[in-house]
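We have chain A; now place chain B onto it with these hints.
Each chain, written out:
Number of protein chains: 2
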Amino acid sequence: MIRSNIIGYETSAKGTEQVQSINPATKAPLAGDFVAATLEEVEAAATKAEQAWHSYRHTAGVAKATFLRAIADEIEALGDELVERVMQESGLPEGRVRGERGRTCNQLRLFAQVAEEGNWVEAKIETALPERTPPRVDLRNMLQSIGPVVVFGASNFPLAFSTAGGDTASALAAGCPVIVKAHPSHLGTNALIASAIQKAAKATNMPDGVFSALQEAGHTAGKALVQHPKVKAVAFTGSLRGGMAIHKAAHEREEPIPVFAEMGSVNPIFLLPEKIKQQSENLATQLASSVNLGAGQFCTNPGLLVVIEDEHTPTFIQQLGKAFEALTPATMLNEGIYKNYNRCKQSHLANELVQIEAKQANNDDWKAAPTLASVRAQDFIAHSNLQEEVFGPFSLIIKCQNKAELEAVANSLQGQLTATIMGEENELGDWTTLFKTLQIKAGRVIFNGVPTGVEVCHSMQHGGPFPATTDSRFTSVGTGAIRRFARPITFQNCLDALLPDALKASNPLGIWRLENGVFRR
Amino acid sequence: MIRSNIIGYETSAKGTEQVQSINPATKAPLAGDFVAATLEEVEAAATKAEQAWHSYRHTAGVAKATFLRAIADEIEALGDELVERVMQESGLPEGRVRGERGRTCNQLRLFAQVAEEGNWVEAKIETALPERTPPRVDLRNMLQSIGPVVVFGASNFPLAFSTAGGDTASALAAGCPVIVKAHPSHLGTNALIASAIQKAAKATNMPDGVFSALQEAGHTAGKALVQHPKVKAVAFTGSLRGGMAIHKAAHEREEPIPVFAEMGSVNPIFLLPEKIKQQSENLATQLASSVNLGAGQFCTNPGLLVVIEDEHTPTFIQQLGKAFEALTPATMLNEGIYKNYNRCKQSHLANELVQIEAKQANNDDWKAAPTLASVRAQDFIAHSNLQEEVFGPFSLIIKCQNKAELEAVANSLQGQLTATIMGEENELGDWTTLFKTLQIKAGRVIFNGVPTGVEVCHSMQHGGPFPATTDSRFTSVGTGAIRRFARPITFQNCLDALLPDALKASNPLGIWRLENGVFRR
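So the protein sequences, as listed, match chains A and B. Residues in the first sequence are numbered from 1 upward in steps of one, following the working numbering. Residues in the second sequence are numbered from 522 upward in steps of one, following the working numbering.
Incorrect hints may appear among the rest.
Below, a list of computed lysine-lysine pairs in the DSBU-like style, where the Cα atoms sit at most 35 angstroms apart [claimed, not checked]:
#1 K957/B to K199/A
#2 K798/B to K202/A
#3 K751/B to K223/A
#4 K1025/B to K230/A
#5 K1025/B to K277/A
#6 K924/B to K248/A
#7 K223/A to K769/B
#8 K744/B to K436/A
#9 K924/B to K436/A
#10 K248/A to K957/B
#11 K230/A to K957/B
#12 K277/A to K367/A
#13 K924/B to K504/A
#14 K769/B to K230/A
#15 K436/A to K751/B
#16 K223/A to K957/B
#17 K751/B to K403/A
#18 K436/A to K769/B
#19 K230/A to K720/B
#20 K223/A to K744/B
#21 K436/A to K957/B
#22 K723/B to K436/A
#23 K504/A to K798/B
#24 K957/B to K504/A
Bear in mind the hints are in silico, worked out from the structure with no lab data behind them.
The following block holds chain A by itself, in its conformation from the complex (with noise of 0.2 angstroms):
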């Protein structure tokens, strides 16, 4: 079975390289050969996307919903097919597809709505005062699309943020075609998942290169698309060194764009004292579960575990301990995240300052074995190495001598996507500073909660400073992110029937607009 890339309308096989993915619970190939794009195949669909782009961007709101609610129709009518292929080439239990299947749909969905709604143009007027001096002319400002959108498949999220992910969905709601770069781990997966939305271009009359999709073993395509003078954003999910790769592709460019990179964070939780005392046993069960989440492969998994010394902690570690030892190993995403998982943990592990508190015995196979360590917060301020995360269920649990090192620990910690605090209400209020530290530190601050499971909602923000993202001023999930897409432009004195329907003196959208100082509808 051959398989080609899409790009529009069409489908394109002009590579003689061929790739397969590969099943991570049997390491055998799976069914497939997907033939990698050629330079000539991502010319063809940059320049598919501009030409499409020039009328999907002036495409109704209520057209783009009727194309996102189509897009996410389609997926649900691959039914079991597209299920079986993500749980054979991701390692992830059916559960968790099929949940993910859901969540994808409901963004998708969710997104209609947004483009439909129109609200996110952020439509501003003020009128024009021809009795002023100086007069004033007539203004009005939305947002617009800001043109072709490369996203990248992450490895984690086969559907949520890969080919019809998180990115996709804000992408096509803001007006910009996409061409997205499949995850090699996940060829099958986007390959159903591209037909799906070229099925729905088709038949909801979107322009011919809305959206394309490429496959690739290696490198060569993804830095020619970030690379292209026609694609105007970048977004990825992944590590620290791709999302770095890309950002520096990018910065070759003549012309500067912005690049999305979400990179991950340890997602520090800071357990204080009461609450350790009143729920050890309950807190040690939830972060352990937490931590084996999807194999510890979340980007919000929690990899540093805070707390001050005291008579309560060693049975908090006891049960923390107990509580990893008890998680069931699962299948990582693909060789190389198995491999490097242990590279990492084992690079933590060989450092004599940290002590190994529980592990698993690895296996042959590509099961990530969960462990616990520990290490002391002055040692941990000291070697910021111990601050790099180690994707997988691994946590490093730091401990304080008393409340100043805690505080400086946290002053210590590199940008995160989240930082959560576990403390009783009696005595949260006495740490403020900790938490006034966190919301520099982090895109998300949380309490007793844990920071797996990343709503889709309006208030979400998955995004932080660096090095979690390249750019905290955005989130990659949440309504927010179709902001990352698009740009504001003023029409001055402009007749009103050629005024996009946003801005016509009618409202006929009937959208919220800020005019002339006060918001309206």
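Only chain B this time, still in chain A's reference frame:
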């Protein structure tokens, strides 16, 4: 008279290099020996800015508003001393300087209002849904300041885009301390304004370090500021070369930060046939006057005039030429800009495809001789160097054979701050393709007005696709400018008492918030 750098509440003159401002009208050095900042002083300013940020980021909107208004008051209190110094350092006439001072103070007061009203934080709330499967946690999202911001003073707006200009006002309103790198041409102006800001900061109890201003003739301190780990954003208005140098310096940092470089453009004006037929004389006067505003040293100066050759164009070009010849040459801002103007202009005129339509004689003073030239559309399209900005009173007429050629000219354009259509109402409907193209090319599309004159309001967009700016998704003029210096943060399941006021259940600030998908106040 020794003039020091301003570092928070202190003055500092540790360096040995002294710099003087030159009066461009007399070519004579002006009173005042300004001591160039050392790298030690850069470090001190950055350290103080970060320290100040830790409290200033939590400063209430009303307090920031009081600070911003105090700055405006202190600037006004400088009285004629400021006006005279600006005139001496810039060669700009008194009326313009007084007008720019008014604009600068209005801008500060507008951002005071923005900070005070508080809607700019874009508060979004999703309340908990404990009964849902899975339960939804309480999520509250708002914009918070990004950290210390470095502002480079602009040559062409010694007040409105410099020490207390739009970049500084918007950054301070967002809650970001500011370090200004003074423009070397306006060291006296900077010293006066920086002292006024320092005075206002002290009087309103802002933290020491909320504002600093450093001086130098070269680029050492400026580069060190851009690359300082404590600096989180940079704003610049100036040349393409200067902006790209800053962009490049920022890219050498470990942590990527946003660089907002507004680098100017040639601001094409498309003159439609019916308009020329009806309004030839008026157009000629209006355009010539716009081209020579501020000696042509406006970012939005109209450098390209695109016409279709017909029986009316020879008369129009003749009228325009006469209007150019009637302009009064004005002193340019400094020797570098004057020489650069002549060099770039000569480079265009030396092109054998370019024809001179009107010019004034050069003189020994640093006065800009307004010049009008023309070129055939096909030659313009074939020679992209003719798109390079001539910063000063210079316009190039592009003569098209027909509508298709005019549209091809539009398509060939680089990114612009503005693009203008001059057309009679009855012909505009025939030019929708042009209108759509210009929306891709520019940040502001203007009908029947000159691009010079940028209203400071909510709906202004001053910024456009590269090379007009490094990031078209933001504006450097108008209230939207604040969005450059803030990032969203989500609070999950946070006690109401610990939340920032903007997110508290009772909405004590009375701001607009998106609550469970509905805009409320």
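Tested hints:
1. The straight-line distance between the Cα atoms of K957/B and K199/A is roughly 28 angstroms, inside the 35 angstroms bound, and the hint therefore holds.
2. A distance of roughly 46 angstroms separates the Cα atoms of K798/B and K202/A; the hinted pair therefore is violated under the 35 angstroms criterion.
3. A threshold of 35 angstroms between alpha carbons decides the hint, and for K751/B with K223/A the separation of about 31 angstroms falls inside it, so the pair holds.
4. With a C-alpha separation of about 44 angstroms, the suggested pairing of K1025/B with K230/A is violated against the 35 angstroms cut-off.
5. A distance of roughly 29 angstroms separates the Cα atoms of K1025/B and K277/A; the hinted pair therefore holds under the 35 angstroms criterion.
6. This hinted pair does not check out: K924/B and K248/A have alpha carbons roughly 42 angstroms apart, beyond 35 angstroms.
7. Simply put, K223/A and K769/B have alpha-carbon atoms about 20 angstroms apart, close enough for the 35 angstroms limit, and the pair holds.
8. At most 35 angstroms may separate the alpha-carbon atoms for a hinted pair to count; K744/B and K436/A meet this at roughly 30 angstroms.
9. Of the pairs offered as hints, the one joining K924/B and K436/A is violated, with about 60 angstroms between alpha carbons and a cut-off of 35 angstroms exceeded.
10. Our distance criterion of 35 angstroms between C-alpha atoms is met by K248/A and K957/B, whose separation comes to about 33 angstroms.
11. Between K230/A and K957/B the alpha-carbon distance is near 17 angstroms, which keeps this suggested pair within the 35 angstroms criterion.
12. With a C-alpha separation of about 34 angstroms, the suggested pair K277/A and K367/A falls inside the 35 angstroms cut-off, and the hint holds.
13. For the proposed pair K924/B and K504/A, the alpha carbon gap of about 27 angstroms is at most 35 angstroms, so the pair holds.
14. With a CA separation close to 22 angstroms, the supplied pair K769/B and K230/A stays within the 35 angstroms bound.
15. A C-alpha spacing of about 17 angstroms is found between K436/A and K751/B, which places the hinted pair at or below 35 angstroms, so the restraint holds.
16. Note on K223/A and K957/B: the hinted pairing holds, with a Cα-Cα distance of about 30 angstroms set against a maximum of 35 angstroms.
17. Between K751/B and K403/A the alpha-carbon distance is near 25 angstroms, which keeps this suggested pair within the 35 angstroms criterion.
18. Restraint check for K436/A and K769/B: satisfied, since their Cα atoms lie roughly 33 angstroms apart, inside the 35 angstroms limit.
19. Among the hinted pairs, K230/A with K720/B is inconsistent with the structure: their alpha-carbon atoms are about 49 angstroms apart, more than 35 angstroms.
20. The hinted pair formed by K223/A and K744/B meets the criterion: a straight-line CA distance of about 29 angstroms does not exceed 35 angstroms.
21. About 47 angstroms separates the Cα atoms of K436/A and K957/B, which puts this hinted pair outside 35 angstroms; it is violated.
22. Between K723/B and K436/A the CA atoms are separated by roughly 24 angstroms; this keeps the pair inside 35 angstroms, and the hint holds.
23. Taking the CA atoms of K504/A and K798/B, the gap is near 29 angstroms; set against the 35 angstroms cutoff, the hint holds.
24. Between K957/B and K504/A the alpha-carbon distance is near 16 angstroms, which keeps this suggested pair within the 35 angstroms criterion.
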